[in-house]
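Trainee: Here is how the chains run, residue by residue.
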Amino acid sequence: MGDDILSYNGGVALAMKGKECIAIACDKRYGVQNRTIATNFTKIFQYSDHCFVSFCGLATDVQTVSERLKFRTNLYELREQRKLKPNVLYNMLTNLLYERRFGPYFVFALVVGLDPKTGETFIYDSDNIGAVSDNVNLATVGTASEYIFGLGELFFKPNMNADELFEATSQALLNGVDRDSASGWGAVVYVIEKDKITVRELKGRQD
Amino acid sequence: MSERYGFSLTTFSPSGKLVQIEYALNAVNAGSPAVGIKASNGVVLATEKKSKSLLHDDRTIHKVESVCKNMGLVYSGMGPDYRLLVQKARKLAQEYMLVYEENVPPTQLVKRIADVMQEYTQSGGVRPFGVSLLICGYDYDEDRPFLYQCDPSGSYFPWKATAIGRNFVNGKTFLEKRYSDQLALEDAVHTAILTLKESFEGQMTEDNIEIGICDKEGFRRLTPAEVKDYLAQIG
Numbered sequence: 001m002g003d004d005i006l007s008y009n010g011g012v013a014l015a016m017k018g019k020e021c022i023a024i025a026c027d028k029r030y031g032v033q034n035r036t037i038a039t040n041f042t043k044i045f046q047y048s049d050h051c052f053v054s055f056c057g058l059a060t061d062v063q064t065v066s067e068r069l070k071f072r073t074n075l076y077e078l079r080e081q082r083k084l085k086p087n088v089l090y091n092m093l094t095n096l097l098y099e100r101r102f103g104p105y106f107v108f109a110l111v112v113g114l115d116p117k118t119g120e121t122f123i124y125d126s127d128n129i130g131a132v133s134d135n136v137n138l139a140t141v142g143t144a145s146e147y148i149f150g151l152g153e154l155f156f157k158p159n160m161n162a163d164e165l166f167e168a169t170s171q172a173l174l175n176g177v178d179r180d181s182a183s184g185w186g187a188v189v190y191v192i193e194k195d196k197i198t199v200r201e202l203k204g205r206q207d
Numbered sequence: 001m002s003e004r005y006g007f008s009l010t011t012f013s014p015s016g017k018l019v020q021i022e023y024a025l026n027a028v029n030a031g032s033p034a035v036g037i038k039a040s041n042g043v044v045l046a047t048e049k050k051s052k053s054l055l056h057d058d059r060t061i062h063k064v065e066s067v068c069k070n071m072g073l074v075y076s077g078m079g080p081d082y083r084l085l086v087q088k089a090r091k092l093a094q095e096y097m098l099v100y101e102e103n104v105p106p107t108q109l110v111k112r113i114a115d116v117m118q119e120y121t122q123s124g125g126v127r128p129f130g131v132s133l134l135i136c137g138y139d140y141d142e143d144r145p146f147l148y149q150c151d152p153s154g155s156y157f158p159w160k161a162t163a164i165g166r167n168f169v170n171g172k173t174f175l176e177k178r179y180s181d182q183l184a185l186e187d188a189v190h191t192a193i194l195t196l197k198e199s200f201e202g203q204m205t206e207d208n209i210e211i212g213i214c215d216k217e218g219f220r221r222l223t224p225a226e227v228k229d230y231l232a233q234i235g
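Chains as they are written, first to last, in full-length UniProt numbering: chain A, 1 to 207; chain B, 1 to 235.
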């Protein structure tokens, strides 16, 4: 039904913290209610060397908000001649979303980042009108967010290294989306460390 | 209510000059002297604040003003124009904070203030500001102090040390001799006072000069008692 705008297209994302590393993962389904149209619709966008945002919700808004945020971050980098920090990025996003407080975008966001000098990790979770959480260990957004949250809590351990973090994130995402008809059809996982970023594509149940 | 003019009052002369801006600079050069010096660990701003009458309550009005936690201003030229710019600068700094949740870096605020000043040279029915500003700030990302001058035209210049207002040429010559990259903030304050003294008529006291300093902790105006101590050290 076109009743629930946030589940019209489906999709899910998850972010988890490790020791001086962060993982962010999303599914690849693009659907219109119960029809799957494409299986290459990733929902994670990069805004700086170590800052990523994932948007889940109405697909048109996923595209528009990610592009409009890119507009603002590009100008920031040109004007200030420096790269974005995670807390500045989430604040810009909050601003962007709240500007449409009474006619909002239908996307929920995850902002993740790493400070390459100190190794400090950031995960922020935002609703569609810019209410941001504190810096958390685990966050999920999307139609299967509750299922993935449960699995995420199960697999999460503090201070995981990059490989353990990848395993925990992947398992939580892949198994969580199996319970949701509107998410799945493959996944992408980014593991962000101080000196490198590893992107892996996962093949899960193709249904 | 008269309607705004649609055309700018600042127009080119045949020789390619914007005469209104030249005149604005004349207003600046007739104003009381102000000095700015960038030390290795901070910036000092100093200005003459002479009252025209003994009846003036000196301590109520200030020339050296803070814009936000890490930035301050001083001027030469027309006081009322300065007041407006201070208000605009403060608002711009807060707008930045609202969007980015970070203290505005000095370079960014200077650009925005200079843009305001430039606007008034190209908008309908307004005149340029009759002030030059000295803007000091501490950049937490780059971990260093900054000193900028902003002119009525909207041009801005980064300085290691500079003087504006009356006798600024002598002031700058004096600073060229005295300035060194290794200057610490304490020495910079002394040098600033000595520079002001070059063009000062009469006795310098803690009530007829104003000093502001900006370091890693932020910007603050020195109290008259602190100024008195510095003056005593100079003798």
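Just so you know, the hints here were simulated from the structure itself, not pulled from any lab data.
Given the structure is predicted, the values throughout are model-derived calculations rather than measurements.
One or more of the hints may lead you astray.
Computed cross-link-like contacts, DSS-like style, restricted to lysine-lysine with a CA-CA straight-line distance of at most 30 Å [unchecked claim]:
(1) B/Lys91 with A/Lys85
(2) A/Lys194 with B/Lys216
(3) A/Lys117 with B/Lys69
(4) B/Lys160 with B/Lys177
(5) A/Lys83 with B/Lys69
(6) A/Lys85 with B/Lys69
(7) A/Lys85 with B/Lys17
Trainee: Tell me if the straight-line CA distance from A/Lys85 to B/Lys17 falls inside 30 Å.
Mentor: violated (43 Å)
Trainee: Run the distance test for B/Lys160 versus B/Lys177: straight-line Cα separation, threshold 30 Å.
Mentor: Holds, at about 13 Å.
Trainee: Sort out whether B/Lys69 lies within 30 Å of A/Lys117, counting only the CA atoms.
Mentor: With a Cα-Cα distance of about 25 Å, the restraint between A/Lys117 and B/Lys69 holds, given a limit of 30 Å.
Trainee: Holds or violated: A/Lys83 and B/Lys69, Cα atoms, limit 30 Å.
Mentor: Holds. A/Lys83 to B/Lys69 sits at ~23 Å (cutoff 30 Å).
Trainee: Tell me if the straight-line CA distance from B/Lys91 to A/Lys85 falls inside 30 Å.
Mentor: Distance ~23 Å between B/Lys91 and A/Lys85 Cα, so the pair holds.
Trainee: Tell me if the straight-line CA distance from A/Lys85 to B/Lys69 falls inside 30 Å.
Mentor: holds (20 Å)
Trainee: CA of A/Lys194 to CA of B/Lys216, is that 30 Å or under?
Mentor: At roughly 28 Å apart (the allowed maximum being 30 Å), B/Lys216 and A/Lys194 satisfy the hint.
In summary, the one numbered hint that this structure violates is 7.
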